[in-house]
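*Asks:* Chains A and B, in that order, give the protein sequences. Residues 430 to 549 in this note's numbering are what the first sequence spells out, letter by letter. Residues 430 to 549 in this note's numbering are what the second sequence spells out, letter by letter.
These are computed hints drawn from the structure, not numbers from a lab. Given the structure is predicted, the values throughout are model-derived calculations rather than measurements. Wrong hints could be hidden among the right ones.
Since the list can't tell identical chains apart, any single copy or any two copies may satisfy a pair.
Unchecked claim - The calculated DSS-like cross-link candidates involving lysine-lysine, where the alpha carbons are at most 27 Å apart (straight line), are:
| no. | residue 1 | residue 2 |
| --- | --- | --- |
| 1 | K544 | K503 |
| 2 | K523 | K499 |
| 3 | K471 | K544 |
| 4 | K531 | K471 |
| 5 | K531 | K544 |
| 6 | K499 | K531 |
| 7 | K468 | K503 |
| 8 | K503 | K531 |
| 9 | K499 | K468 |
| 10 | K499 | K544 |
| 11 | K468 | K531 |
| 12 | K544 | K468 |
| 13 | K523 | K544 |
| 14 | K523 | K503 |
| 15 | K471 | K503 |
Number of protein chains: 2
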Amino acid sequence: MSDTRLGIRLWIEGDAGTLMSSGRMRLLALIDELGSLNKAAKELGMSYRRAWGRIQETEQRLGDPIVVRKRGRKGYELTQFGLDLLESWGEYQKDVSAYAGKRADEMLPWSVRLKKRGEK
Amino acid sequence: MSDTRLGIRLWIEGDAGTLMSSGRMRLLALIDELGSLNKAAKELGMSYRRAWGRIQETEQRLGDPIVVRKRGRKGYELTQFGLDLLESWGEYQKDVSAYAGKRADEMLPWSVRLKKRGEK
Numbered sequence: 430m431s432d433t434r435l436g437i438r439l440w441i442e443g444d445a446g447t448l449m450s451s452g453r454m455r456l457l458a459l460i461d462e463l464g465s466l467n468k469a470a471k472e473l474g475m476s477y478r479r480a481w482g483r484i485q486e487t488e489q490r491l492g493d494p495i496v497v498r499k500r501g502r503k504g505y506e507l508t509q510f511g512l513d514l515l516e517s518w519g520e521y522q523k524d525v526s527a528y529a530g531k532r533a534d535e536m537l538p539w540s541v542r543l544k545k546r547g548e549k
Numbered sequence: 430m431s432d433t434r435l436g437i438r439l440w441i442e443g444d445a446g447t448l449m450s451s452g453r454m455r456l457l458a459l460i461d462e463l464g465s466l467n468k469a470a471k472e473l474g475m476s477y478r479r480a481w482g483r484i485q486e487t488e489q490r491l492g493d494p495i496v497v498r499k500r501g502r503k504g505y506e507l508t509q510f511g512l513d514l515l516e517s518w519g520e521y522q523k524d525v526s527a528y529a530g531k532r533a534d535e536m537l538p539w540s541v542r543l544k545k546r547g548e549k
């Protein structure tokens, strides 16, 4: 057991579906990075339609747009609300992951390291 | 958004596969409760073969048996090692979940409650 990793997945759901999840935030981060919903979906091995559906679901549940077409150019970018969401979720996930790693070492009979983002 | 729930899944993996996960611990808890691997698998909508395969994988990775045939009777029960594992993982998961719920309220723009065990 030379390399033992701790995985963690977090999500928030309401009665009508998922509001936010680690996977959905990864999609937003990729849109922000690549400036394209199509490229972001491809990167995750997801269809455009599915990626778009997930973003719409989150927007409807939160009541505010999180992505918007770039003015005068092709592609999409995050709204300020989307950027804020990405930042706060990223900080939240990092905070909970660090705690989970620390407590695993204290409470479980293995020593673990945290999985890196995007690591298989 | 009257009922917003926080979901969390934790697992530990090595190079050769999963050592432990929330789902696998649920299987152990059901074997402990029902005294039967078959009934525990059914409760989770899982085939006997699949449930048995997961337990074997964890046993191989940890190097100790976690379930054992009941002496002189039908069915399975947890070994002392299995019981210890169930208890420590249960405490670990509860601890990290409580922290994740507290931090969600502090860091995210929603108020959430933790999902109950087994809640859909």
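*Asks:* Does each hint fit the structure? Answer for all of them.
*Replies:* Outcome of the hint check:
no.: 1; hint: K544 to K503; verdict: neither (34 Å within a copy, 41 Å between copies)
no.: 2; hint: K523 to K499; verdict: neither (29 Å within a copy, 44 Å between copies)
no.: 3; hint: K471 to K544; verdict: within (22 Å within a copy, 32 Å between copies)
no.: 4; hint: K531 to K471; verdict: neither (34 Å within a copy, 35 Å between copies)
no.: 5; hint: K531 to K544; verdict: both (13 Å within a copy, 23 Å between copies)
no.: 6; hint: K499 to K531; verdict: neither (42 Å within a copy, 37 Å between copies)
no.: 7; hint: K468 to K503; verdict: within (12 Å within a copy, 56 Å between copies)
no.: 8; hint: K503 to K531; verdict: neither (44 Å within a copy, 41 Å between copies)
no.: 9; hint: K499 to K468; verdict: within (15 Å within a copy, 55 Å between copies)
no.: 10; hint: K499 to K544; verdict: neither (34 Å within a copy, 38 Å between copies)
no.: 11; hint: K468 to K531; verdict: neither (36 Å within a copy, 35 Å between copies)
no.: 12; hint: K544 to K468; verdict: within (24 Å within a copy, 34 Å between copies)
no.: 13; hint: K523 to K544; verdict: both (11 Å within a copy, 21 Å between copies)
no.: 14; hint: K523 to K503; verdict: neither (32 Å within a copy, 46 Å between copies)
no.: 15; hint: K471 to K503; verdict: within (17 Å within a copy, 51 Å between copies)
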